[in-house]
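If you want the building blocks of each chain, they are given just below.
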Amino acid sequence: MNTTIPRIQMLDIVKSFGTVRVLEGVSLNVMPGEIVALLGSNGAGKSTLMKILTANYTKTSGEIRVNGAVVDFASPRDAARVGITFLPQEISVFPELNIAENICLNAESTGAVNWADIARRARLVLDDLGFGHLAPETLVADLPVAERRIIEIARALESQTDILVMDEPTASLSEQESAQIFTILRRLKERGTSIVYISHYLKEVFEISDRIVVLRDGLNAGEFDPFTAQVTDVVNAMLGKVAGAMFEDRAPLPKEAPVVFSCNNLSLPGEIQDVSFELHAGEILGVFGLIGSGVEVLGRLIFGAKGQPAAGRMTLSGKPYQPVSALKGKEAGIGFVTAERKTDGIMTDMSVRENLVAAFQRDFGSGPFTSPERETAHTLDWIAKLGIKTSGPEQTIRLLSGGNQQKVCVARWLNPKVKMLILEEPTRGVDVGARREIYSHLVDFARSGLAVLVLSSDVEEIAGLSDRSLVIDRGRILAEFNSGATANDLMSASAQPVNQT
Amino acid sequence: MSDTTHSQNLFKRLFGGSGVGTTVLILLVFYVLLLIVFSFLSPFFMTVRNMTSISSNIALIGLMAAAGTPLIIAGGLDLSVAAIAGLTGVIVALLHAAGLPIWIAVLCAVGVAVVIGLVNGVLATYLRLNPLIVTLATMSIVTGVSLILTGGLTKPLSVDGFNWIGQGRVFGIPVPALLMLAVYVALWLMMQKTHFGRHAFAVGGNPDASRLIGLPVDRTQISLYVMSAVSGAIAGTVLAAMLGAAAPNAAGPHLLTVIAAIILGGTSLQGGRGSVWGTLVAVLILGTLNNGLTLMNVTSFWQDVTRGVVLILAVGFDGLRQRMS
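Chains as they are written, first to last, in the numbering used here: chain A, 1 to 501; chain B, 1 to 325.
Warning: the hint list may mix true and false statements.
[Unchecked claim] Derived DSS-like pairs: lysine-lysine, alpha-carbon spacing no greater than 30 Å straight-line:
| no. | chain 1 | residue 1 | chain 2 | residue 2 |
| --- | --- | --- | --- | --- |
| 1 | A | Lys306 | A | Lys419 |
| 2 | A | Lys385 | A | Lys342 |
| 3 | A | Lys328 | B | Lys193 |
| 4 | A | Lys319 | A | Lys255 |
| 5 | A | Lys385 | A | Lys328 |
| 6 | A | Lys417 | B | Lys193 |
| 7 | A | Lys417 | A | Lys389 |
| 8 | A | Lys419 | A | Lys255 |
| 9 | A | Lys203 | A | Lys189 |
| 10 | A | Lys342 | A | Lys419 |
| 11 | A | Lys328 | A | Lys419 |
| 12 | A | Lys385 | A | Lys417 |
| 13 | B | Lys193 | A | Lys342 |
| 14 | A | Lys385 | B | Lys193 |
| 15 | B | Lys193 | A | Lys389 |
Read the hints as simulated data drawn from the structure, not as lab findings.
Turn these sequences into a full structure, and let the hints guide you.
In structure tokens:
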């Protein structure tokens, strides 16, 4: 009768960051030996929910039970003690240590290392997973990515994990490598391990999971049985009806618009292969790709932040263009809005004004001197135009919400010298209201003559925002769609199997 | 706008942005308390004679710490500054002894400092080496070269007009103190009023973002390494003029005080935050503390202990205050 008690019960979980509610009462059950796929668009609350389970975040309200008993973890270590392990999207192994050390290393190990013992334990776990051929003495740095992922899973097993949470475990793996991971997950399931599997790849989800749980905007949006459910039903639950309201009707594309940017056979070894496209003035070109597809590289490569590409001919405003550095990209007339605002977008301790004028600061000063007055006037102008919610130009940008920080990052590039604006994940971590505003502003900027290139792993965003869209996977452009392509079209184009890798 | 916010704005304008103003204010209060305590404890403390005598010593530390502050704000670090001060005195003394006019000798020494600064900067930016290691290495090289050039001996350097920089007075105020003040005003103007200064804050606050905005990250840092080396050279010139001699390792022992003053002054070792006025007040505090304890017959061994305790207390308090807010 023990088996009828869920391994995990999360009841009515609410999470707020400041005034923003990210989870509005989400519930999730996982039975022993069950693989539950957690699905949802970006910002649906999947990661937040899992970070609450693993005690990386504290919940605002709600209840968590493990094997029927209410738990309240103070730290991720407490969660680890009852057997919950979280494997984040980025593989976290110690490349300079060998397999045995990587597997047996945990917070409870003390004293001298018993090499024979850890080698024995590592071999045991690897055998169990069907990877007995990996020698425990091998340096992890020498293993391919997929096997590093396996080492990570083996480590979780070694530390008696019976609840495994995985975030996009196959994001950087090929299809064969993914199949290896699935084999392991099935073995774990037979042993009774409960698995929560977060993924964007619908095909995988249907293949591996026992139950599909969909979240949308911080709420449960449906549960499906992968053996009977239709893909379209799951996608509809993920996307909901929001998409229609997010994007307003727009002015038609200008006829006969000049080409602002073109690239031919652009390549960066291992990341981008033979990418060619043209971008016209007044147009928003969207590039959709899942994480690890090259979508996070292409924009940087064109801007110059990746240095010189290995191959490719490009033109910008009719002149030959070669990416060298961000500074040269800016001088050539490209603006770039990064996906990671905190790490490489804003100077957190500086004011809204200083952040907003940073790219073209010299336009506001005279000679070597800055002119705070003119900067303030310019900043106030954009605060009004974009509806940036701030106490004023002198407020520290750190105190603004993600959406308002993002508006500052966009406004920074709105200068007549910029002919082409590249945006990576323009609304990641941005609340729904601000998202709608940013979309409508981007359309306005485009229609006033700017060429806009949007790169995103958010399929609805690309489907709704683009005048034309490309789908990228494993560094290649797989498909091109004209305006009117649905999220479903884009998603299924990206899920096509690749013949050559 | 209410009165309090207005005075806050005025304060922020005076002491630079990013909340460092409060740190400077707290330090100023602490400095005044220190002055009050010592003037009660020792009758000689608050005399004109004593004050002018400590101001020359303070000026020396102050000059070495001056350009180090913007450099640390921009995410760099220079440990070679005191060694450069020593080498400067040596070069001036040797070139003058070889028959070169004294000011030409000074110019040559500054030129050498510029080259050392460039080396520091290029290694730390283009080659992405850790500035701590790079400048530790150049410090060692520069100190060694000074000792080689002099054979470890002190060289006399007594030239009319030149020694005035170290020993002269204008309206009763020692020239080194005036020189230091001029350098601080110039650096403050640079950091608060120019594009270059704004870039320094941005580059130190978030180098990746600065690069993606297309700011000249490496160029800004290299310029600041050069400025730090030059401020070391100025300090070295003042020191040699003050002593009437060039001792190869005269400035070396001051290095830790210089770094301590910059950190005590509220400049973050992580970069992006700080102000030159904070450094100045911190230099005043550390110099006054030394002098006051000497007047009270505390041995220099205990002075080292006291300085360490004050540093921990001040930085600890400021850290606590910032975590509270």
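Against the structure, the hints:
1. Only pairs whose Cα atoms come within 30 Å are accepted, and Lys306 of chain A paired with Lys419 of chain A is accepted, the gap being roughly 20 Å.
2. Note on Lys385 of chain A and Lys342 of chain A: the hinted pairing holds, with a Cα-Cα distance of about 24 Å set against a maximum of 30 Å.
3. Proximity of Lys328 of chain A to Lys193 of chain B is assessed by CA-CA distance (about 26 Å); at most 30 Å being required, the pair is judged to hold.
4. Between the alpha carbons of Lys319 of chain A and Lys255 of chain A the distance comes to roughly 22 Å, so the proposed pair stays at or under 30 Å and holds.
5. Annotation: proposed proximity of Lys385 of chain A to Lys328 of chain A holds, straight-line Cα distance about 29 Å (limit 30 Å).
6. Distance restraint check for Lys417 of chain A and Lys193 of chain B: the Cα-Cα separation of roughly 25 Å lies within the 30 Å cut-off, and the hinted pair is therefore satisfied.
7. For the suggested pair Lys417 of chain A and Lys389 of chain A, the alpha carbons sit about 26 Å apart, so the restraint of at most 30 Å is met.
8. Between Lys419 of chain A and Lys255 of chain A the CA atoms are separated by roughly 18 Å; this keeps the pair inside 30 Å, and the hint holds.
9. Distance hint between Lys203 of chain A and Lys189 of chain A is fulfilled; the C-alpha atoms sit about 19 Å from each other, no more than 30 Å.
10. Taking the CA atoms of Lys342 of chain A and Lys419 of chain A, the gap is near 26 Å; set against the 30 Å cutoff, the hint holds.
11. Restraint check: the Cα-Cα separation between Lys328 of chain A and Lys419 of chain A comes to about 14 Å, which is no more than 30 Å; the hinted pair holds.
12. With a CA separation close to 19 Å, the supplied pair Lys385 of chain A and Lys417 of chain A stays within the 30 Å bound.
13. The hinted pair formed by Lys193 of chain B and Lys342 of chain A meets the criterion: a straight-line CA distance of about 26 Å does not exceed 30 Å.
14. With a C-alpha separation of about 28 Å, the suggested pair Lys385 of chain A and Lys193 of chain B falls inside the 30 Å cut-off, and the hint holds.
15. A distance of roughly 27 Å separates the Cα atoms of Lys193 of chain B and Lys389 of chain A; the hinted pair therefore holds under the 30 Å criterion.
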